[in-house]
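J.: Given next are the chains, with one letter for each unit.
2 protein chains.
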Amino acid sequence: MAASGGAAASGGTAQRGQLSREKVLRAAVALADHSGLEAISMRKLAQALGVVPMALYKHVANKDELLAGLVDAVLAEIEPAQEGPDWVANVRRRILSARAVMLRHPWARRVMEAQAAPTPVVLAYMDSTIGMFLAGGLSVDLVHHVMHALGSRIFGFTQELYETDPASASELPPEAAAAMAAAFPGIVAVASSRPHDPDSVVGSGCDDQFEFEFGIDLMLAGVERLHRSGWRSADHDREAASVL
Amino acid sequence: MAASGGAAASGGTAQRGQLSREKVLRAAVALADHSGLEAISMRKLAQALGVVPMALYKHVANKDELLAGLVDAVLAEIEPAQEGPDWVANVRRRILSARAVMLRHPWARRVMEAQAAPTPVVLAYMDSTIGMFLAGGLSVDLVHHVMHALGSRIFGFTQELYETDPASASELPPEAAAAMAAAFPGIVAVASSRPHDPDSVVGSGCDDQFEFEFGIDLMLAGVERLHRSGWRSADHDREAASVL
DNA sequence: AAGCTAGGTGTACGGTGTACGCTTGTCAAT
DNA sequence: ATTGACAAGCGTACACCGTACACCTAGCTT
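Line order of the protein sequences matches chains A and B.
Positions in the first sequence are counted from 1; adding 17 to them yields this note's numbering.
Positions in the second sequence are counted from 1; adding 17 to them yields this note's numbering.
Just so you know, the hints here were simulated from the structure itself, not pulled from any lab data.
Here the structure is a predicted model, which is why all the values come from computation and not from measurement.
Take these hints with a grain of salt, some might be off.
[What the hints assert, rightly or not] Calculated from the model, a selection of chain A residues having no Cβ within reach of chain B, i.e. all distances over 10 Å:
hint : residue
1    : HIS51
2    : ALA65
3    : ASP89
4    : PRO97
5    : GLY101
6    : LEU113
7    : LEU140
8    : VAL240
[What the hints assert, rightly or not] With a straight-line Cα cutoff of 20 Å, these simulated DMTMM-like cross-link-like pairs (lysine to aspartate or glutamate) come out:
hint : chain 1 : residue 1 : chain 2 : residue 2
9    : B       : LYS80     : A       : GLU55
10   : B       : LYS80     : B       : GLU96
11   : A       : LYS80     : B       : GLU82
12   : A       : LYS40     : A       : ASP81
13   : B       : LYS40     : B       : GLU82
14   : A       : LYS80     : A       : ASP50
Where a beta carbon is used, it is the ideal one built from N, C-alpha and C, also for glycine.
Build the full structure now, drawing on both the sequences and the hints.
T.: Right, dumping it as structure tokens:
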């Protein structure tokens with residue numbers, strides 16, 4: 018009864034090669050793009066594919082593995098490493114490409130943060146990034162520190178703990194705004210400063226692209242100076258005192 | 018039957034002031050410290066307190082609010098802002114204090130990352146940090162950029178996407194290590210470089226404290242240089258070309 | 001004594017990931 | 001042509017989660 022009913026009624030088993038790991042991943046990316054990360058549950062994803070939840074498990078081991086697959090899919094959109102004499106420019110361009118991808122898939126950041134271990138694709142990306150530094154002549158030790166210092170910035174995102182509220186600041190009732198300014202004068206002053214091209218900024222938010230570039234340039238410039246000054250794995254005091 | 022049995026058998030209702038918001042939060046911190054973040058569910062926390070899950074909801078609005086309370090509790094452990102003529106030293110010390118706290122509560126980073134909005138306690142911490150920069154004479158615009166650039170580093174953590182595997186690298190079978198070295202030569206080279214005091218490093222891990230300080234010092238030194246050179250809200254090219 | 005209220009209880013619902021076994025279309029070898 | 005293996009989708013079931021809602025009761029106020 019149940020069996021024949023299922024087969025006859027659903028018709029879902031008509032074509033066999035319906036699903037595939039790639040289709041599952043593509044659907045998941047689309048779903049996340051469209052409905053946000055919280056929409057990614059095995060059940061909802063299955064529903065979007067017109068299939069029963071457990072069907073997905075034939076193509077992905079479990080949810081974690083699915084998420085890892087999403088990360089890989091996103092990383093594949095980043096433009097490959099460039100060759101060129103200017104390692105700073107190479108790295109900069111790559112990172113900005115990564116950032117563009119992350120802007121297309123805003124949920125990817127949180128997925129990466131939640132992942133326990135890097136996939137081979139992630140490792141390959143890191144490896145090629147490291148290669149760009151090494152090709153620039155940086156010492157292995159310096160590259161080690163740089164990778165730590167840049168952290169997730171190499172993947173094109175910083176850890177925005179709280180999204181810079183788009184226009185919520187200007188939307189609050191005036192008395193709340195006044196209380197805010199009284200309680201946190203520094204935050205209000207700094208948040209309402211909008212030092213760069215006002216035309217590129219909509220609403221009261223700040224220019225995230227500028228801030229991102231400011232951050233990586235600060236880092237890369239510091240690293241370049243360390244490198245030019247022949248920084249070696251000396252102790253940290255030397256770095257702080259003379260070079261910086 | 019059920020009612021009298023519950024009242025008589027449990028005895029939990031004997032003293033009334035048993036639970037309190039503070040006790041709930043303290044228990045939650047202890048539970049997370051001891052058993053990790055995934056141990057924090059309303060049910061398990063209630064069990065740890067010898068109480069039924071729903072009892073918690075008299076003291077905490079919901080789980081998100083509980084987690085926000087945890088963040089506040091952790092932030093309260095950070096040493097308060099110092100006064101002093103050297104703003105770099107002030108900030109540095111504060112951040113390193115925050116880092117020490119985060120090392121005591123490793124789960125706190127992930128909780129903060131998952132929070133949607135900052136609590137007043139978080140805002141107060143950020144405000145006082147901003148105040149340290151402003152007291153140092155930095156322009157409001159520069160402080161704006163600096164806060165973005167430092168990001169979550171001001172809370173004492175960087176975004177360790179993948180925990181630097183403690184000794185897992187040396188634990189893998191030799192043939193896997195060889196394959197790894199072949200596939201990702203840069204990573205292997207950089208990861209196995211251990212440029213600083215070998216005595217302070219256990220196993221094959223690297224000195225996280227050094228790396229953290231390296232990162233913030235790189236940032237702070239860059240900022241200090243910008244400040245000393247009279248950086249104003251000019252365009253980004255000027256920064257890149259002349260000052261850095 | 002009567003009633004209010006704060007705080008702990010019990011039940012129940014809808015959601016999650018996923019283990020396990022069944023069915024069924026497809027193809028290979030007999 | 002028949003059989004059998006096999007891949008893939010299905011259904012059920014379980015344990016766990018957060019939490020809405022209706023209780024009950026101790027202790028205080030009036």
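J.: Now tell me if each hint is right for this structure.
T.: Comparing the hints with the structure gives:
Chain B leaves HIS51 of chain A outside its interface by the beta-carbon criterion, the shortest separation being 20 Å against a cut-off of 10 Å. With a least beta-carbon separation of about 25 Å from chain B, ALA65 of chain A lies farther than 10 Å from that chain, consistent with its non-interface assignment. Every Cβ of chain B is farther than 10 Å from the Cβ of ASP89 of chain A; the closest lies at roughly 14 Å, confirming the non-interface assignment. Non-interface call for PRO97 of chain A relative to chain B: holds, since the shortest CB-CB distance, roughly 15 Å, exceeds 10 Å.
Here GLY101 of chain A stays apart from chain B, with its beta-carbon at least about 17 Å from theirs, past the 10 Å limit. Every CB of chain B lies more than 10 Å from the CB of LEU113 of chain A, the least distance being 12 Å, so the non-interface label holds. With a closest Cβ-Cβ approach of about 5 Å to chain B, LEU140 of chain A is found to fall inside the 10 Å limit, against its non-interface label. Distance check for VAL240 of chain A against chain B: the nearest CB is about 7 Å away, which does not clear 10 Å, and the non-interface claim fails.
For the given pair, LYS80 of chain B sits about 17 Å from GLU55 of chain A by alpha-carbon distance, which is consistent with the 20 Å threshold. Simply put, LYS80 of chain B and GLU96 of chain B have alpha-carbon atoms about 27 Å apart, too far for the 20 Å limit, and the pair is violated. Restraint check: the Cα-Cα separation between LYS80 of chain A and GLU82 of chain B comes to about 27 Å, which exceeds 20 Å; the hinted pair is violated. Taken as a hint, the LYS40 of chain A and ASP81 of chain A pair is honoured in the structure, with Cα atoms around 17 Å apart against an allowance of 20 Å.
Using a Cα cut-off of 20 Å, the hinted pair LYS40 of chain B and GLU82 of chain B holds, with the two alpha carbons roughly 15 Å apart. The suggested pairing of LYS80 of chain A with ASP50 of chain A holds, with an alpha-carbon distance near 17 Å, which does not exceed 20 Å.
Comparing the model with each earlier hint shows violations of hints 7, 8, 10, 11; every other hint is respected.
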